[in-house]
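Asker: Sequence:
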Amino acid sequence: MLIGDHIYALRQEKYLTQKELANELFVSSQLISNWERHISEPTTEMLLKIIKHYQLPFDYFTESSKDEPFMREKEAIVTAFVQSMVTCPDVMPTLSQVSKYSDLSLEQIKKYFSTTDELIYEFIVIIDRKINLQVSLQVENNKDIVEIFVFDMTPMLYERRAVLNLLYSHPYVKDIWTQFITEKYHQLLLTHQNMKKSNQLDLEYLVELLTTFISVWLRQENPESLEVFQNRVLKLFDHKSKNWIS
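Read in order, the letters of the sequence shown correspond to residues 0 to 245 in numbering that gives the first Met the number 0.
It should be emphasised that the hints constitute simulated quantities derived from the structure, not laboratory data. Errors might be hidden in some of the hints.
Label-pair distances were calculated between CB atoms; the ranges are [claimed, not checked]:
hint: 1; residue 1: V227; residue 2: S168; range: 15 to 21 Å
hint: 2; residue 1: Q186; residue 2: L15; range: 21 to 27 Å
hint: 3; residue 1: D201; residue 2: P68; range: 44 to 50 Å
hint: 4; residue 1: R231; residue 2: E106; range: 46 to 52 Å
hint: 5; residue 1: E223; residue 2: P88; range: 29 to 35 Å
hint: 6; residue 1: Y171; residue 2: K109; range: 18 to 24 Å
hint: 7; residue 1: V227; residue 2: D143; range: 20 to 26 Å
hint: 8; residue 1: T177; residue 2: V227; range: 19 to 25 Å
hint: 9; residue 1: S224; residue 2: Y53; range: 19 to 25 Å
hint: 10; residue 1: E182; residue 2: N22; range: 18 to 24 Å
hint: 11; residue 1: K109; residue 2: V26; range: 19 to 25 Å
hint: 12; residue 1: V85; residue 2: K13; range: 36 to 42 Å
hint: 13; residue 1: C87; residue 2: L136; range: 18 to 24 Å
Built from N, CA and C at the ideal position, the CB exists for glycine as well.
Assemble the whole structure, with the sequences as input and the hints as a guide.
Answerer: Structure below.
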């Protein structure tokens with residue numbers, strides 16, 4: 000399914016006309032029509048807005064096919080996109096540039112991604128998928144939030160520090176990634192039994208603090224070691240993390 004097909008399916012599921020969906024997203028009904036007819040594609044920010052508004056899974060717009068050649072080609076495209084990001088720190092790479100780093104033609108790439116925004120979204124979801132499962136499990140088990148952050152999440156982030164540095168240091172993806180990770184873990188923390196009893200403002204502060212710590216850490220070309228960072232966070236919280244969810 001192309002992104003326009005997903006939007007059409009979502010609209011049918013919610014029993015919305017194109018005009019009603021457009022009103023809910025604060026866009027024109029013509030734009031909705033263009034998306035569904037594959038004339039244009041929503042930006043990554045708009046995809047995240049749709050996901051948040053309708054409380055959808057964060058990988059809602061990614062292809063779930065397990066066809067091996069299909070997956071190999073998509074993986075090659077995403078890898079080529081990462082390589083092109085290394086050489087394009089300030090300006091978003093084009094699909095033509097991505098093509099140069101892969102063994103695929105521009106036409107082959109456009110079978111999977113019609114815009115760079117779609118490719119960015121796919122890349123972000125792939126990175127998050129590798130981290131999400133373990134963190135979700137710890138949250139569901141009602142483990143202390145800051146302990147999850149320090150001892151479960153940061154080791155996985157540190158393993159991926161090179162690619163995450165691209166997301167945190169390149170201006171054309173930094174805000175998109177920050178929005179994604181903030182919204183994602185805001186939703187995840189809402190499943191925490193004790194956090195549900197807290198003031199919503201406490202949750203907002205906590206998510207912003209933790210995501211800011213990650214951003215400062217991983218946008219450095221040579222981030223401090225995992226142990227040093229963990230100790231830094233524990234010190235900043237004065238080893239009293241449970242105060243945040245009381």
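Asker: Return holds or violated for the Cβ distance of K109 and V26 against the range 19 to 25 Å.
Answerer: 24 Å, holds
Asker: I want to verify a distance hint. Is the separation of the beta carbons of V85 and K13 within 36 to 42 Å?
Answerer: Since the Cβ atoms of V85 and K13 sit about 40 Å apart, the hinted range of 36 to 42 Å holds.
Asker: Does the Cβ pair V227, S168 satisfy 15 to 21 Å?
Answerer: For S168 against V227, whose Cβ atoms are near 20 Å apart, the range 15 to 21 Å holds.
Asker: Just to be sure I understand the hint, the distance between the Cβ atoms of D201 and P68 should be within 44 to 50 Å; is that true here?
Answerer: 48 Å, holds
Asker: Take the C-beta atom of V227 and the C-beta atom of D143, compute their distance, and say whether it sits inside 20 to 26 Å.
Answerer: 21 Å, holds
Asker: State, for the Cβ atoms of S224 and Y53, whether the hinted interval 19 to 25 Å holds or is violated.
Answerer: With a Cβ separation near 41 Å, S224 and Y53 fall outside 19 to 25 Å, so the hint is violated.
Asker: Taking the CB of C87 and the CB of L136, does the distance hold inside 18 to 24 Å?
Answerer: 36 Å, violated
Asker: 29 to 35 Å was suggested as the range; check whether the CB atoms of E223 and P88 agree with it.
Answerer: 22 Å, violated
Asker: In this structure, is the beta-carbon distance linking E182 and N22 contained in 18 to 24 Å?
Answerer: 22 Å, holds
Asker: Verify the CB-CB distance for Q186 and L15 against the hinted window 21 to 27 Å.
Answerer: 22 Å, holds
Asker: Has the hinted range 18 to 24 Å been met by the Cβ atoms of Y171 and K109?
Answerer: Holds, since Y171 and K109 (Cβ atoms, about 20 Å apart) stay within the stated range.
Asker: Taking the CB of T177 and the CB of V227, does the distance hold inside 19 to 25 Å?
Answerer: 23 Å, holds
Hint violations for this structure: numbers 5, 9, 13, all remaining hints satisfied.
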